[in-house]
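Asks: As a plain string of letters, each chain reads:
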Amino acid sequence: MEERIGMESSIAIAEVVGRCDVDVVAAYPITPQTHIVEHLSEMVANGELKAAFVPVESEHSAMSVCCGTAAVGARTYTATSSQGLALMHEILFIASSLRLPIVMAVANRSLSGPISIWNDHSDVMSDRDVGWVQIFAENGQEAVDLTIWAFRLAEDRRVSLPVMVHFDGFIVSHMIEPILMPDHETVRGYLPPFEPLLRLDVDRPVSIGPVGIPDIYTESKFLQHKLVVDAYQPIVETLEGFGKYFGRHYHPVETYRAEDAEVLLCTMGSLSETAMTVVDRRREKGHKVGLMRIRLWRPFPFEDIYRAVGAVQTIGVIDRAVSFGGPPGPVASELKAAFYRKPQQPRLVEFIAGLGGRDVALADFERMFDVLLSTRKTGQVPPPAFVGLRE
Amino acid sequence: MTRQQTAKPRWSELAVGCAVTEAGSARYNRTGDWRSSRPVWEHAHCVRCGVCQMFCPEGCIQFEPPKDFPAADLEYCKGCGICVHECPTACIRMVAEEE
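So the sequence lines, in the order shown, correspond to chains B and P.
Going by our numbering, the residue at position 381 of the first sequence is 381; the numbering climbs one at a time, nothing skipped.
Going by our numbering, the residue at position 32 of the second sequence is 32; the numbering climbs one at a time, nothing skipped.
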């Protein structure tokens, strides 16, 4: 049974986490993730959720607690954002290398400084290489759905890896949306009980997290890389299973009106929804433009990207983070690396947009499509541009 | 007892998260391989008092049959030389490990 309700996305996420029968929530509040953990704390305090809520003193501790509770076989959830994710940084590697299937929401927010509580993807990109499965939700419904799915995928014994569910801070986290909320029984029917690969158990003692001497470190890192790469197939299968069960379908890369497109714009997260509006406008004018939305960030869906791009020769990539002194867009770098393996590379136009909560308006997308169409015509790729920069 | 060191594990043989899944398995780790010199007892002068055994920080000196003279278990002895320093009859000397 599902009920259509109007609810703030954060509250809906917290509600559905409860319906996933979590055993432990260890979290520290940080804007714009706060409403999720506040609501979970309330649910536990009110006796509505039979779980332990651990009010830790920092995000570093939050992730440390999560590692401990996941290691004893408790279904574990946390949520964070921005500086909080940064403070967790070193423990994120431990969660993944110990193969602890923690699920974490990240309400994406910029990093200081200057201090900014607003949305971009600088937190995500700083923790790109921590060995977690990372997926993006574009709206509240997707955040709810992918949270349920994340437990299923994380606890899949072929995977047994932690999963981050990313969604844009405020733009998604604080939006009141109509959401189809599955009831407790429906979620239970989808999510089998958690059976860990290995658990800390006094009756069958094991040591987790021991030293890895040079003789085994290389092997352990190869295995870790392989596990994240190999998570791809279970991801596709479980997303398909989710679609069959709930009727809402998700894919590693999704496209919008890309079939006969001559230029493609690539987005990640909630910007996609505004971009679709502009694609529609352009299509009405007869411009063959389309959209490619990367949903799965790790493992990087190379084959889906090649399929989505097809024969398109001009692609624009919107990055919402900067690799200072680097290419500079992290997503653009990834796409360039992906196509470097191919005999022919599409022209790639880099846009840096929507930093620190700067709106990316319809007019901005119009200008980006103008640049793409002229790049296609002239074959001249402009240098990376900060969209809306006052010069 | 120590176990003969097995071949280094392949990536496919690592335990989940590189966990150590057998209790007490540290005893398999032969930790004496970085020793640069080893103690040798001159049995003619040894009075078998056991001072070397008591002072050994590794606890790796045992009295070995048939004659019950002390000897270091070289799989664990680090070659620190404390036994040499403490021996009341000065019957132990350090010999360089040379291959």
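Since the hints were made in silico from the structure, they are not lab data.
Careful, some of the hints might be misleading.
Claimed, not checked - Using 30 Å as the maximum straight-line C-alpha spacing, the simulated DSSO-like pairs for lysine-lysine come out as follows:
(1) B:K377 / B:K285
(2) B:K336 / B:K226
(3) P:K67 / B:K221
(4) P:K78 / P:K67
(5) B:K377 / B:K226
(6) B:K226 / P:K67
Please read these numbers as outputs of a predicted model, since none were measured by experiment.
Asks: Now, for every hint given, state plainly whether the structure supports it.
Replies: Against the structure, the hints:
{"no.": "1", "hint": "B:K377 / B:K285", "in the structure": "holds, 17 Å"}
{"no.": "2", "hint": "B:K336 / B:K226", "in the structure": "holds, 22 Å"}
{"no.": "3", "hint": "P:K67 / B:K221", "in the structure": "violated, 50 Å"}
{"no.": "4", "hint": "P:K78 / P:K67", "in the structure": "holds, 24 Å"}
{"no.": "5", "hint": "B:K377 / B:K226", "in the structure": "violated, 41 Å"}
{"no.": "6", "hint": "B:K226 / P:K67", "in the structure": "violated, 56 Å"}
Checked against the numbered hints above, the structure breaks hints 3, 5 and 6 and satisfies the rest.
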